[in-house]
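Q: Each residue of the sequence shown is one higher than the one before, counting from 1 in full-length UniProt numbering.
Do not take every clue at face value.
[As the list claims (entries may be wrong)] The list that follows gives simulated cross-link-like pairs (lysine-lysine, BS3-like), each with its CA atoms no further than 30 angstroms apart:
1. K243 to K24
2. K53 to K34
3. K24 to K34
4. K53 to K24
No wet-lab data here; the hints were simulated from the structure.
Since the structure is predicted, the reported quantities are computational estimates derived from the model, not experimental observations.
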Amino acid sequence: MNAVASLQADAEQSAVVADQLWYKDAIIYQVHVKSFFDSNDDGIGDFPGLISKLDYIAELGVDTIWLLPFYPSPRRDDGYDIAEYMAVHPDYGSIEDFEQLVAQAHARGIRIVTELVINHTSDQHPWFQRARNAPAGSPERDFYVWSDTDQEYAGTRIIFCDTEKSNWTWDPVAGQYFWHRFYLHQPDLNFDNPAVLEAVLEVMRFWLDRGVDGLRLDAVPYLIERSGTSNENLPETHAILRKIRATLDAEYPDRMLLAEANMWPEDTQQYFGQNADECHMAFHFPLMPRMYMAIAREDRFPITDIMRQTP
């Protein structure tokens with residue numbers, strides 16, 4: 001029996017209640033596998049360790065586990081610099097261990113949400129290594145955003161201004177600059193190339209076929225670049241998300257997309273889509289620090305103030 005067929009058989013034993021709106025009332029427990037529970041005394045948490053603690057998690061009243069990145073990675077950005085999308089970092093276990101986690105979680109009525117980092121990859125990813133060695137203008141090079149100058153998109157803010165001096169980095173192998181909104185070891189994918197979206201959808205299907213219930217879409221405001229703009233929240237970015245959502249709805253109608261858009265509420269709202277055709281959920285980033293501020297001040301105003309600004 002192949003992996004997908006095995007998961008279909010496991011689904012018959014699942015205690016997860018069928019509900020396309022399950023995420024609206026979900027109690028979500030974030031887990032960083034590497035630091036949660038070590039099953040083999042190597043000093044690193046792993047999937048077998050997490051599986052062994054599922055009963056404990058269920059006793060807390062949790063019905064959804066959100067897993068931080070567990071993919072092969074140099075881990076220069078805590079795993080958000082992915083070097084291989086369709087695999088498990090060997091420190092944490094194997095694909096089979098992951099499939100067992102999903103099956104065991106579902107048996108306890110617990111859903112699994114994972115990360116889909118679609119804005120960028122690690123510079124160690126085979127896609128980038130192929131791109132930098134391919135001729136300029138080739139389909140392979142076109143998987144990422146390149147330029148002969150570091151002056152394009154000059155008005156775009158630098159997110160990590162404490163460590164990065166530019167959104168462009170020179171690559172001596174390619175003989176061009178590559179674009180990165182985050183660290184210089186995280187080149188941005190080029191969503192103007194339709195092959196990139198198809199590759200991302202293949203990754204999405206890989207994990208959904210293994211029973212994943214939801215995907216947190218990382219860094220979604222930055223997918224597309226256009227001269228003369230801030231390169232954030234562009235209409236073309238929303239068009240990409242609508243295509244992702246359409247695929248999800250057509251093939252996996254009970255699954256969920258969670259937008260990680262670190263924006264003000266009026267911009268974050270747009271990631272639900274004008275016709276509810278983008279993400280199902282979104283983080284409210286401005287609320288998070290204000291919760292701590294309210295506690296520190298013993299004053300509700302920081303919370304009520306941002307909620308008044310929330311559509």
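Q: Confirm or reject each hint.
A: For each hint, the structure was consulted:
| no. | hint | in the structure |
| --- | --- | --- |
| 1 | K243 to K24 | holds (23 angstroms) |
| 2 | K53 to K34 | holds (14 angstroms) |
| 3 | K24 to K34 | holds (28 angstroms) |
| 4 | K53 to K24 | holds (25 angstroms) |
Going through the hint list in order, the structure satisfies each hint without exception.
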